[in-house]
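For the protein sequence lines, the chains are A and B, in the order given.
Numbering follows the numbering used here, in which position 213 of the first sequence is assigned residue number 213; successive positions increment by one, without gaps.
Every number in the numbering used here is 1000 more than the matching position in the second sequence, counting from 1.
Read the hints as simulated data drawn from the structure, not as lab findings.
Keep in mind the model is a prediction, meaning the values are calculated, not measured.
The beta-carbon is built from N, C-alpha and C at its ideal position, and this holds for glycine as well.
Be aware that one or more of the hints could be misleading.
Partner residues are not named here, just some residues of chain A that face chain B (Cβ under 8 Å, in silico) [as the list claims (entries may be wrong)]:
| # | residue |
| --- | --- |
| 1 | ASN73 |
| 2 | THR87 |
| 3 | CYS277 |
| 4 | SER305 |
| 5 | LYS320 |
| 6 | THR387 |
| 7 | LEU426 |
So the derived list for chain B, only partly shown, Cβ under 10 Å to chain A, looks like this [as the list claims (entries may be wrong)]:
| # | residue |
| --- | --- |
| 8 | GLY1044 |
| 9 | GLY1167 |
| 10 | GLY1171 |
| 11 | HIS1217 |
| 12 | GLU1219 |
| 13 | LYS1275 |
| 14 | TYR1384 |
Number of protein chains: 2
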Amino acid sequence: MRFDVAIRNGIVLTMDESMRVLWGGSVGIEDGKISYVGRDEVRGEEEIDARGCVVMPGLINCHTHAAMTLFRNAVEDQPLEKWLKETIWPREARMKPWHVRAGARLACLEMLSSGITCFNDHYFFMEEVAGVVDESGMKAVLCEAMIELFDEERGREALRRGAEFAGRYRGWRGRIWTMLGPHAEYSCSLEFLSKVREEADRLGVGIHMHLAESRPHVEEFVRRNGVSPVKALDRIGFLKSDVILAHAIHLDDDDLRILAERDVAVSYNPVSNMKVCLGMARVDEMLRMGMRVGLGTDGPGTNNSLDLLQDLKTGALLQKLRYMDPTALPVEKAVWMATRGGALALGLRDTGSIKPGMRADVIVLDTRKPRYRPIRSPYTAATYCSTGSDTRDVIIDGRIILRDGQPQTLDPEKTIQEAEKASQDLLGE
Amino acid sequence: MRFDVAIRNGIVLTMDESMRVLWGGSVGIEDGKISYVGRDEVRGEEEIDARGCVVMPGLINCHTHAAMTLFRNAVEDQPLEKWLKETIWPREARMKPWHVRAGARLACLEMLSSGITCFNDHYFFMEEVAGVVDESGMKAVLCEAMIELFDEERGREALRRGAEFAGRYRGWRGRIWTMLGPHAEYSCSLEFLSKVREEADRLGVGIHMHLAESRPHVEEFVRRNGVSPVKALDRIGFLKSDVILAHAIHLDDDDLRILAERDVAVSYNPVSNMKVCLGMARVDEMLRMGMRVGLGTDGPGTNNSLDLLQDLKTGALLQKLRYMDPTALPVEKAVWMATRGGALALGLRDTGSIKPGMRADVIVLDTRKPRYRPIRSPYTAATYCSTGSDTRDVIIDGRIILRDGQPQTLDPEKTIQEAEKASQDLLGE
């Protein structure tokens, strides 16, 4: 059998409904889609020998602020408020489109080099990010951040810009989807969030929002509104299956039940949650309730890398600690969350598993390294032994954008140089 | 200036008393020791261009069971007791020296490939491990595990073997040190531990022991003995500066004060502690009290990799979560713990910092990758952006044992093959 791209001899984690694993498996890709998965001999215009390597769906990063690579390693070990007020916000106020372009391009280079094929981004000047996503060959769900700050005029303008971006870039180049991006329950009024809901319905796009990230913000919300953020959002009809909530840490049992009933998706961001001392999300329960939970790195400011495989280990460990139960978030569920679960959380039904008819978003991990041996369980290897640096090949829509660890779309040297220039311009040396 | 080995143009984290950082720094190595650190031009028989890379002391892995690579990825997401009783103990009972040799050699290959220059090992058939350490060019502190199980005869025999090993291999090849290895407070009687203390004093070696790892074991100990494990050990004169305790999680304030007063060292093993749901050690407090705390991977069975750089991130994050304080375990302290702190915790005064006169145990991290950029703070880069897979060069006692990511001492293919054969022999396919 001959294909556009043929992957041979891999340990294939299909992440399909039956969680089929093929040792010595082949994948055939035609017209950007998976067209064969099995054990037959495959040939192709392009061939990838995956002997000893794990072949799996591309990773989905469900929550980040890509351009914040510019703030990477800038200040460390500070309270979140101080970090935001003294380091981030004054610089963000001075940001120009070229800063965002340079920062997002570095993020794309880093993400595609570490196995991420699609990311869900929440920031400013998003048309710049769209351009970079196109250049990189990646996929992304983008939204313009809307920070109302309980100011009606500011809210109106933010919603106008957010909706304009979402309308214009929806489906752009076939690899970009859009959402509306209200910031959080503590920075947006319920009136504003109602308008966001209406606009999302009108446009037919989803909503990407931070929620219940810090306990003090949730408590403050309850004091002001008499109910929890989830209950308040439910009352105004905000919660539907097109919503993805970042963090969703401080939830009571009713909140959890409401989110499950409304089929709301959640992005679990374990590293960021630990780093800025927010707490431990109830992810194991969410998954048991059948919720769509994806994994997110959050921005490089609170991580500091964009390494979803590394975060997968931290995320699984954190759930075990959360419940003091070693059976919490088992490896199969963990890998699902980072791939198919993430895709579903973003409403992308045609990616996240390796199955005929799905888009060909596939990565190859170099599991021949000592750190993986003996492999025994490829789910375990992917969850507990891997890091992004072990990514060897990345294919998106059938196009090889990382080959033998070498980026094929973005120029690494130029990308890094420009980002460092932009970073220096904002922060100084 | 001409040396045996010259490292040029690096970002040098000296980890010396003044925590000096040199951008564009050079290191000259002569006769296995650091003989120059500065910014002058250096030349050497062997030269390493470290432009854009972080040059730092080799990592010290303060607690592991190296040969347990054989059990890597064997069973996942199980309670510790079940895992030990059903998977590990029956296999360990069948272990032969060749199994341990093969497993430990794979561990050495993995550790040296990820920047670890010295490890503190607690297992069986330790003469095999000593042989492999010698082959690999690494350094190690080794002890024969002594599990008394409150059986006097068994204890006597264990102590005889442990002492014999410690006496024979102490100082072997100039790169191996030994300790006595009583297992834990729940598997050894105080009478036995008194004898271990006497024997350690007689031989002039230290003691490496698990302590206060799980709450139920500590509570059981208190029920039996009326006081905490630390207080009981202190009463029998066990606690001296030559003791390193693995885990030391469940300590009250008095325990902590006693450990600090007795200058006892601790190995913090964050990944293992999360994975088997043991809890969060009081590391930030220990460091503030001036205690010698090192970082450990623990065995591959409960980790599953031996990647101290990856664990450094998890360990720093876990301290922030432990105290809900973003200033807990700042990056300088974190890197100190993984290098100089670890060396001091093992009683090795001549390694762990890059300073004239110290042994030349040095690693180069490839921080030119996108995930590190902009670097800004090399402490932050090492703590939050790095993983073992980014290690480029490793030098031990002035000998280059990893060069451009290629191991120079152990044969990767043969090492992996033999370990997989040994693993299959114990566990089946």
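Quick rundown of the hints versus the structure:
1. Given the 8 Å rule on beta carbons, the hint for ASN73(A) holds: about 4 Å separates it from the nearest Cβ of chain B.
2. Taken as an interface hint, THR87(A) does not check out: its beta carbon lies about 12 Å from the nearest beta carbon of chain B, beyond 8 Å.
3. This hint holds: CYS277(A) has a C-beta 5 Å from the nearest C-beta of chain B, less than the 8 Å allowed.
4. Of the supplied interface hints, the one on SER305(A) holds, with its beta-carbon coming within about 5 Å of a beta-carbon of chain B, less than 8 Å.
5. For LYS320(A), the interface hint holds, since its Cβ comes within 8 Å of a Cβ in chain B; the closest pair sits about 5 Å apart.
6. Satisfaction of the interface hint for THR387(A) is found here, the shortest Cβ-Cβ separation to chain B being roughly 4 Å, below the 8 Å cut-off.
7. Hint status for LEU426(A): violated, given a least beta-carbon distance of 11 Å to chain B, over 8 Å.
8. For the restraint placing GLY1044(B) at the interface with chain A, the shortest Cβ-Cβ distance is roughly 28 Å, beyond the 10 Å limit, so the hint is violated.
9. A least Cβ separation of about 32 Å between GLY1167(B) and chain A goes past the 10 Å threshold, and the interface hint is therefore violated.
10. Hint status for GLY1171(B): violated, given a least beta-carbon distance of 28 Å to chain A, over 10 Å.
11. Below 10 Å, beta-carbon pairs count as interface contacts, and HIS1217(B) has none with chain A, the closest being about 15 Å; its hint is therefore violated.
12. Using the Cβ-Cβ criterion of 10 Å, the hint placing GLU1219(B) at the interface with chain A is not satisfied: the shortest such distance is roughly 15 Å.
13. Hint on LYS1275(B) holds. Least Cβ distance to chain A is approximately 6 Å, under the 10 Å limit.
14. Interface restraint check for TYR1384(B): the shortest CB-CB distance to chain A comes to about 4 Å, inside 10 Å, so the restraint holds.
In the structure shown, a violation is registered for the earlier hints numbered 2, 7, 8, 9, 10, 11 and 12, in ascending order.
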